[in-house]
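> Counting from 1, one number per residue, gives the positions in the sequence shown under the UniProt record's numbering.
Hint data in this document are derived by calculation from the structure and do not stem from the laboratory. Be aware that one or more of the hints could be misleading.
[To be verified] Cβ pair distances, simulated, as ranges: (1) Asp220 <-> Gln460: 20 to 26 Å; (2) Leu87 <-> Phe184: 39 to 45 Å; (3) Ser483 <-> Leu625: 37 to 43 Å.
[Claimed, not checked] Using 20 Å as the maximum straight-line C-alpha spacing, the simulated EDC-like pairs for lysine to aspartate or glutamate come out as follows: (4) Lys160 <-> Glu48; (5) Lys535 <-> Asp508; (6) Lys627 <-> Asp508; (7) Lys535 <-> Glu523.
In this text the structure is predicted, and so the values were computed from the model without any measurement. Glycine is no exception: its CB is placed at the ideal position from the N, C-alpha and C atoms.
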Amino acid sequence: MKRIQLLSTRLANQIAAGEVVERPASVAKELLENAVDAGATRIDIEVEQGGIKLLKVRDNGSGIVKDDLPLSLSRHATSKITELEDLEAVSSLGFRGEALASISSVSRLTLTSAVKGQSSAWRVQTEGRDMQPVVSPSAHPVGTTVEVRDLFFNTPARRKFLKTEKTEFGHLEEVVKRLALSRFDVNFNLRHNQRTIHQLKAATTQQEKDRRVAQACGPDFIENAVCLDVESAGMRLWGWVGLPTYSRSQADLQYFFVNGRVIRDKLVSHAVRQAYRDVLYNGRHPTFVLYLSVDPATVDVNVHPTKHEVRFRDSRTVHNFLFSTLHHALAEVRPGDQLSSATPAADSRSTVVTGTAATGASVGEFKEQEQIRFNQPAASQSIFGSQPKVPIQPPNKHQVAEQLAGYGKLAEAADEIIAAQSDVVASSDESTDEHSEPEVPPLGFALAQLKGIYILAENQHGLVLVDMHAAHERITYERMKQSYQAEGIKCQPVLVPESVAVSQREADCAEEFQTLFTSLGFELLRMGPETIVAKAIPTLLKQANISQLVRDVLADLMEHGTSDRIQAHINEILATIACHGSVRANRKLTHPEMNALLRDMERTERSGQCNHGRPTWTQLSLAELDKLFLRGR
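Based on the sequences and whatever the hints tell you, model everything.
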């Protein structure tokens, strides 16, 4: 066996670089975090060949004094912390003091900096096997510029693992986007191969923040996102969460920040999935840009060299806060909220585009459509004026009984809907001279039923299409959940108690969370070091695989400190019952029934998606309809 010897400074730094420097994006992350920690308000990033040939980061931060420049390229040298107490409550992005030393060991690095009041700027480079720093005077404004050239030039094996220039720049651009979303008060400029890619100006107002998020995540995200800002128990969660209908095939549009630091955490991912579980289509991933602010002393960021992982002191409280906040935010989304951002200019029928011939009703090509009177019998309404009236066949007794059974609650509200519509039309007739229009609900009023599947309705923005079965399925499901929660979870004893073989750790967990299992309708007894017996189970889960369910719940409790698998199984059963009990295709609905369904959708939580995550309605604005028929061209 060889004798123990001390590694050279360069080799030690290259070993450390294996944990910190994976690709040019890793270098950009470390340099950008240093610039932000220095108080910079403007950061310029210049990249060549995806960052492999050149990566230059320039900021206007506080800079580094001349005497500290040699230390800046040494391992375990940092200005962020000085003692153990600082490590227990880190507020800066960087703190390990390894980044610059690691980067300089696998590239040609030059650091130039100037501080306010200093006569000139100074430059530092490292040379030789022992990486001795060499300081020389230079010209530079207040701030710092770090220039990294020829990454991995002295470690060919690492360079072989790099991807194409386009791929490497894509990763680097993602790093810039993440930091730009983390710090709205900083200007970011990104150039690649002498071409400007991003110019992100500092954002202070909500509108400017929305614009930056749209630049980083795309305009479609901000148009299909809900803003939230909630504080509780010393924690604050704010940001944007995408609507369930705006989901992705992969988890590529998910940004979560803890005290300004972007992280990837299992606990956070589990809480978000749990909040979206009831409304997200199978296999899809939610989208969000969320910021969690907590006391730095309650979170440990010194978990991994890349600082992408954190550990919460009270993980269960954080998990419950995230889940309840997101769950409530998604439940509160109503059709009116989704339509509130529609531009009134798109609904104007009198706009004439300059330079094109005016067409349509404004120049007399078509007769103006008359307003449909909802207080008149359906048979007397004629949408096209000259259309012949079609006699309506009266339903038989069986059809009447079926309609009453399936739509009992909706039929009760039919008279109120008709009365409300009559009042709207009456008030409209009284104010005709004042050119005022009646107030139209978000989903409007029903016009007709298409193929016994879809409801066509008219609102202020245009045409609304509603999936009749999907909408009623969600309404029934939410009512069943409320009723079930009001009555409580009922349990029934098992004729033959079921024995569940578990590990000793799982058995200990079952004893610790005995109260939780009891509240969920389970009666579990420990019969041995690795044996649990289920003596009672929830009534709705009598057909479920109890052994597997108990093991899954215990796994969640040990991993996250909480579990909702039992409630999820109960909800699945309720969803199935609601699906079979909802109105089916080819079911003919009257206008009062269709309007009652629309009003219930406007009042029901998560009515934008059915129990399986499919959308229940969509909006076609007048601008979109005009585009289909080439009107105004």
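> Taking the hints in turn, state whether each one holds.
Hint check:
Between Asp220 and Gln460 the CB atoms are about 23 Å apart, so this pair conforms to the stated range of 20 to 26 Å. Between Leu87 and Phe184 the CB atoms are about 28 Å apart, so this pair departs from the stated range of 39 to 45 Å. Checked against the hint of 37 to 43 Å, the C-beta distance between Ser483 and Leu625 comes to roughly 40 Å, which is consistent with it. A distance of roughly 18 Å separates the Cα atoms of Lys160 and Glu48; the hinted pair therefore holds under the 20 Å criterion.
Taking the CA atoms of Lys535 and Asp508, the gap is near 18 Å; set against the 20 Å cutoff, the hint holds. Taken as a hint, the Lys627 and Asp508 pair is broken in the structure, with Cα atoms around 65 Å apart against an allowance of 20 Å. Restraint check for Lys535 and Glu523: the C-alpha separation of about 5 Å stays at or below 20 Å, so the hint holds.
Violation of the numbered hints given earlier is confined to hints 2, 6; the remaining hints are satisfied by the structure.
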